[in-house]
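Asks: The lines below spell out each chain.
There are 2 protein chains.
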Amino acid sequence: MTDVTAGILLIGDELLSGRTKDTNLSTIAKWLEPLGVQVGEARIIADNADIIRQTVREFSDRFDYVFTTGGIGPTHDDITADCIAAAFNLSISERADAMDVLRTRYKEEELNAARRRMARIPDGASLIKNPVSKAPGFQTKNVFTMAGVPAIMKGMLADIEHRIKGGAKVYSRTVEAAGIGEGDAAQPLAEIEKKFDGVNIGSYPFFNADLHGVNFVVRGRDEAVLDVVEAELHQLVDRIGI
Amino acid sequence: MTDVTAGILLIGDELLSGRTKDTNLSTIAKWLEPLGVQVGEARIIADNADIIRQTVREFSDRFDYVFTTGGIGPTHDDITADCIAAAFNLSISERADAMDVLRTRYKEEELNAARRRMARIPDGASLIKNPVSKAPGFQTKNVFTMAGVPAIMKGMLADIEHRIKGGAKVYSRTVEAAGIGEGDAAQPLAEIEKKFDGVNIGSYPFFNADLHGVNFVVRGRDEAVLDVVEAELHQLVDRIGI
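Chains B and V supply the protein sequences, listed in that same order. The numbers in the first sequence follow our numbering, run straight up by one, and end at 253. The numbers in the second sequence follow our numbering, run straight up by one, and end at 253.
Here chain B stands alone, though its shape is the one from the complex (with noise of 0.2 angstroms):
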């Protein structure tokens, strides 16, 4: 069964400046994983519209499904609709469906100008239920384009999931070796992956106040394979541990 992949594009300059750090990507993420869908790769782009355009043609041509966030908003700086619409040589204008939507929030005096923008969507798109604060997102061809506030995006995903074909699920063990170097375990390590078709294995340190040691995580597609895996990384573990 091939891969079912996407690809996430997070967007704004305040994501770059460091000054708002992102939670979206590890959300998307593990919503995605049971439904059989692997992050294949995730960029953090300036609100600049010929990145933004030029990206979202390459991720979806590259990945089954794109998701973006951020840009979607009333001010100058959203600009994301019409940059999807430009990827994908499609005309974009104020949608009746969006602006009915707009109507169950706003009242007819405070849809002004900077409001309707957010009901400006591409030809052809679908929408995404917004169950927070209503202004859509949207679905075209393969890219699901979401608002950057977490909490907002998270509900969007709701509209999203029965949209989403995934293949085969990864499944994944984590076994913890407090106090072992990974230099220690590197040798054995790469001996039982290789022993593996079709499983995966990282190691990854971790040094807090008063302990170090190696998280060890198996990921694979068997789980009757991840057992007997993890059963030697436990045994591994018990040899060399302290």
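Misleading hints may appear alongside valid ones.
Intra- or inter-copy, both count: the list cannot distinguish identical chains.
[Claimed, not checked] Here are the computed lysine to aspartate or glutamate pairs in the EDC-like style, where the Cα-Cα straight-line distance is at most 20 angstroms:
no., residue 1, residue 2
1, Lys140, Asp108
2, Lys32, Glu52
3, Lys32, Asp14
4, Lys206, Glu241
5, Lys145, Asp195
6, Lys152, Glu187
7, Lys32, Glu187
8, Lys206, Asp72
9, Lys145, Glu121
10, Lys118, Asp195
11, Lys32, Glu44
12, Lys180, Asp208
13, Lys152, Asp208
14, Lys41, Glu119
15, Lys180, Asp111
16, Lys140, Asp170
17, Lys118, Glu241
18, Lys41, Asp72
19, Lys165, Glu121
If you are wondering where the hints come from, they were derived from the structure by calculation, not from laboratory data.
Fit chain V to the supplied structure of chain B, relying on the hints for placement.
Replies: For chain V alone, kept in the frame of chain B given last:
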């Protein structure tokens, strides 16, 4: 004065699985700001040799400086050093200077094949000191290769600072507008931005448990101009606020 820019590559399957949340981007971006270097783009990529090699090459051409984190430990999934060498067609081998550094931490009998891999450094690269766990990072042309563990990465930045030639600093001011709707501020905000050359205003809505509002972030090179813009934003907030 032209911008001095950086690209950041965060390497590791665990970041893409969502299990590990990256904090290195924010650390590097905030550290670069006072040096007069802006982060242009960041990518989170898998432990995949082709992708790492291609992305390093692309970023090295596109940005003044490139920072990579992750993949320089002793295990089989630590392939960053070899990929950097391949990106620049450099040979790579166990280097005596790097072995000397490892010997300040490890006894001779601890320096097994796995740990010696941490002394594999591309030809011509200069070492970057690691004050936490000794195994060095390295600089190849305009690319700085660092560890992924946040505490070690932070430690390595101290030995990079003197190698950076930054541009004009970008300053920023934040005006918090509690209780204000982004859509009410959007038009006057765009007008303020238009009035001032070289000033960029971002608008970032927030939703806390009992508070919603917007943060306006003004960025620019001239602090005197920023003072004026900041004052105008405070007037705007007073005018449309609750």
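Asks: It remains to establish, for every hint, whether it holds in the given structure.
Replies: To see whether the hints hold, each was checked on the structure:
For the identical chains of this complex, Lys140 and Asp108 are intra-copy neighbours only, at 12 angstroms inside a copy versus 58 angstroms across copies, given an alpha-carbon limit of 20 angstroms. Both within a single protomer and between protomers do Lys32 and Glu52 lie at most 20 angstroms apart by alpha-carbon distance, with minima of 18 angstroms and 14 angstroms respectively. Taking CA atoms no more than 20 angstroms apart as the test, Lys32 paired with Asp14 passes in neither setting, with 29 angstroms inside one copy and 23 angstroms between copies. In this assembly of identical chains, Lys206 and Glu241 lie within 20 angstroms of each other by CA distance solely inside one copy; the values are 13 angstroms within and 63 angstroms between copies.
Taking CA atoms no more than 20 angstroms apart as the test, Lys145 paired with Asp195 passes between copies only; the shortest distance there is 16 angstroms, against 54 angstroms inside one copy. Neither within a single protomer nor between protomers do Lys152 and Glu187 lie at most 20 angstroms apart by alpha-carbon distance, with minima of 41 angstroms and 37 angstroms respectively. Taking the closest pair of Cα atoms, Lys32 and Glu187 come within 20 angstroms of each other only across two copies (18 angstroms); inside a single copy the shortest separation is 27 angstroms, beyond that limit. Neither within a single protomer nor between protomers do Lys206 and Asp72 lie at most 20 angstroms apart by alpha-carbon distance, with minima of 35 angstroms and 40 angstroms respectively.
Only within a single protomer do Lys145 and Glu121 lie at most 20 angstroms apart by alpha-carbon distance; the minimum there is 14 angstroms, versus 60 angstroms between protomers. Taking the closest pair of Cα atoms, Lys118 and Asp195 come within 20 angstroms of each other only across two copies (13 angstroms); inside a single copy the shortest separation is 66 angstroms, beyond that limit. Taking the closest pair of Cα atoms, Lys32 and Glu44 come within 20 angstroms of each other only across two copies (16 angstroms); inside a single copy the shortest separation is 22 angstroms, beyond that limit. For a Cα distance limit of 20 angstroms, the shortest separation of Lys180 from Asp208 inside one copy, 16 angstroms, qualifies, whereas the shortest one across copies, 52 angstroms, does not.
Proximity of Lys152 and Asp208 under a CA criterion of 20 angstroms is satisfied in neither setting, with 35 angstroms inside one chain copy and 38 angstroms between copies. Taking the shortest Cα distances, Lys41 and Glu119 never come within 20 angstroms of each other, neither inside one copy (39 angstroms) nor across copies (42 angstroms). Within a single copy, Lys180 and Asp111 get their C-alpha atoms no closer than 38 angstroms, and across copies no closer than 45 angstroms, so neither meets the 20 angstroms cut-off. With identical chains, the CA atoms of Lys140 and Asp170 are at most 20 angstroms apart within one copy only, with a shortest distance of 6 angstroms there and 49 angstroms across copies.
In this assembly of identical chains, the alpha carbons of Lys118 and Glu241 never lie at most 20 angstroms apart, being 58 angstroms within a copy and 31 angstroms across copies at closest. Taking CA atoms no more than 20 angstroms apart as the test, Lys41 paired with Asp72 passes in neither setting, with 23 angstroms inside one copy and 33 angstroms between copies. In this assembly of identical chains, the alpha carbons of Lys165 and Glu121 never lie at most 20 angstroms apart, being 26 angstroms within a copy and 47 angstroms across copies at closest.
Comparing the model with each earlier hint shows violations of hints 3, 6, 8, 13, 14, 15, 17, 18, 19; every other hint is respected.
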